[in-house]
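J.: Top to bottom, those sequences are chains A and B.
Here the working numbering is used: the first residue of the first sequence is 663, the next is one more, and so on.
Here the working numbering is used: the first residue of the second sequence is 972, the next is one more, and so on.
Hints are not guaranteed to be accurate.
[Unchecked claim] Cβ pair distances, simulated, as ranges: (1) 703(A) to 1177(B): 31 to 39 Å; (2) 1028(B) to 809(A): 44 to 52 Å; (3) 1101(B) to 862(A): 37 to 45 Å; (4) 872(A) to 1065(B): 23 to 31 Å.
[As the list claims (entries may be wrong)] Derived coverage of chain A by chain B (criterion: at least 3 residues anywhere in the stretch with Cβ under 8 Å from a Cβ of chain B; other residues may be distant): (5) 708-716; (6) 787-798.
[What the hints assert, rightly or not] Okay, derived cross-link-like pairs now, DSSO-like style, lysine-lysine, Cα gap no bigger than 27 Å in a straight line: (7) 667(A) to 864(A); (8) 1042(B) to 779(A); (9) 1192(B) to 1042(B); (10) 1192(B) to 779(A).
Since the hints were derived computationally from the structure, they do not count as laboratory data.
Note that CB positions come from ideal geometry on N, CA and C, so glycine has one too.
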Amino acid sequence: MALTKEQIAQRIARELQDGFYVNLGIGIPTLVANYIPAGMNVVLQSENGLLGMGPFPPEGEEDPDLINAGKQTITTIPGSVFFDSAMSFGMIRAGKVDLTVLGAMEVSDQGDIANWKIPGKMVKGMGGAMDLVASARNIIVAMMHTNPKGESKLLPACTLPLTGVRCVKKIVTDLAVVEVTEQGFRLLERAPGVTVEEIKAKTAGKLIAAGEIPEIQC
Amino acid sequence: MNKVVDNADTAIRDIGENATLMLGGFGLCGIPENCIAALVKKGVGGLTCISNNAGVDDFGIGLMLKQKQVKKMISSYVGENAEFERQLLSGELEVELIPQGTLATRCLAAGYGMPAVFTPAGVGTEVAEGKEVRRFNDKDYLLEMAFAADFALVKAWKGDTEGNLVYKETARNFNPLMAMAGRITIAEVEELVPAGMLDPDHIHTPGIYVHRIFQGSKYEKRIEQRTVRARN
Chain A
663 MALTKEQIAQ RIARELQDGF YVNLGIGIPT LVANYIPAGM NVVLQSENGL LGMGPFPPEG
723 EEDPDLINAG KQTITTIPGS VFFDSAMSFG MIRAGKVDLT VLGAMEVSDQ GDIANWKIPG
783 KMVKGMGGAM DLVASARNII VAMMHTNPKG ESKLLPACTL PLTGVRCVKK IVTDLAVVEV
843 TEQGFRLLER APGVTVEEIK AKTAGKLIAA GEIPEIQC
Chain B
972 MNKVVDNADT AIRDIGENAT LMLGGFGLCG IPENCIAALV KKGVGGLTCI SNNAGVDDFG
1032 IGLMLKQKQV KKMISSYVGE NAEFERQLLS GELEVELIPQ GTLATRCLAA GYGMPAVFTP
1092 AGVGTEVAEG KEVRRFNDKD YLLEMAFAAD FALVKAWKGD TEGNLVYKET ARNFNPLMAM
1152 AGRITIAEVE ELVPAGMLDP DHIHTPGIYV HRIFQGSKYE KRIEQRTVRA RN
């Protein structure tokens, strides 16, 4: 059984460690915030200028001056701090953010990522994605293994315009957990009931699957 | 020198055709609402706008786009605006998309008196085309130039008659950076107080960067994505 988006987020949450500063992108990555283990201190960074992002406000308490990078109304938590956009990307560039989780349209077996532009379609812009992927110490991509046409999103080389090169460390999809190594993708875990052969068939890039591949524990 | 002006119309009086403007804000959060309204009223055109986003169809920079006052946008993300898309596809509007951290840092460089900065954002992508690449400590960086803007239009929460500014929450975003970077910086504030009323330890933008300041007549502060949780 392929993982749901919630289960992908749940699996990524297992990568969190106490004391981590984490930047979560829009989409599946946002869901990771729902699975931070109880008692673990994880501080969420929002690149529009906030460390210590809290949950959405109760109805009637929305504050137009307090939003996240997805422009959603949010709240602060004890210990939150505001700063300007240059400092926000300064802490990202300086490697202070421990983990970045973001979505992607394509990832190559060298760790290149494409997630901002489809030629011929309206281009909205890269926002902070290029800064994040160029500087984050650890980048995990959360995405579906294939696109809606059933084509692999894990490729020998990205076909879409790149967001960053040789930066992705790990990919969690609905089918597998894959690490990016010098030799290509390395299969670490598979979704419950999904065979290594199916994952190989749906991975266009070079995939190494050595030994027994355990099932994903969410 | 008296920096205080009566209203937005007076503050923007000498913004002319083809000026390059910086406008603070992230989405619709912390945008100089009153200055934008005055620019729309004035109808000045051919503007180049450096701003993280381009507003929505009926608010923010979207109001200036609707009147075809904008020649070029320099932004990191321009998603939420149908008129913007129409003008872009028809070739009426020129757009330069740059990474958000690069946008912020090019403002910072201008305000710090540095001609350029090196950043890794965009290395190996189309953003790097035509730019100098330098290698430091086994990593590649792009040379990015400081912005030059005729006017910076920023919005703060409180300001004093010396031009000192304090921002509120995430409405700070690009405002302090752009405030430092304009050849002429115009600040609009929700509350203008006499010098001495702000705690010098709590001021975000020193007044030396601010040339004109006024209290905005009203703030709509529109919310782009209203998200709430159920009450317990």
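J.: Look at each hint and say if it fits the structure.
T.: So, going through the hints one by one against the coordinates:
{"no.": "1", "hint": "703(A) to 1177(B): 31 to 39 Å", "in the structure": "holds, 35 Å"}
{"no.": "2", "hint": "1028(B) to 809(A): 44 to 52 Å", "in the structure": "violated, 30 Å"}
{"no.": "3", "hint": "1101(B) to 862(A): 37 to 45 Å", "in the structure": "holds, 41 Å"}
{"no.": "4", "hint": "872(A) to 1065(B): 23 to 31 Å", "in the structure": "violated, 52 Å"}
{"no.": "5", "hint": "708-716", "in the structure": "holds (count 5)"}
{"no.": "6", "hint": "787-798", "in the structure": "holds (count 9)"}
{"no.": "7", "hint": "667(A) to 864(A)", "in the structure": "holds, 18 Å"}
{"no.": "8", "hint": "1042(B) to 779(A)", "in the structure": "holds, 23 Å"}
{"no.": "9", "hint": "1192(B) to 1042(B)", "in the structure": "holds, 26 Å"}
{"no.": "10", "hint": "1192(B) to 779(A)", "in the structure": "violated, 30 Å"}
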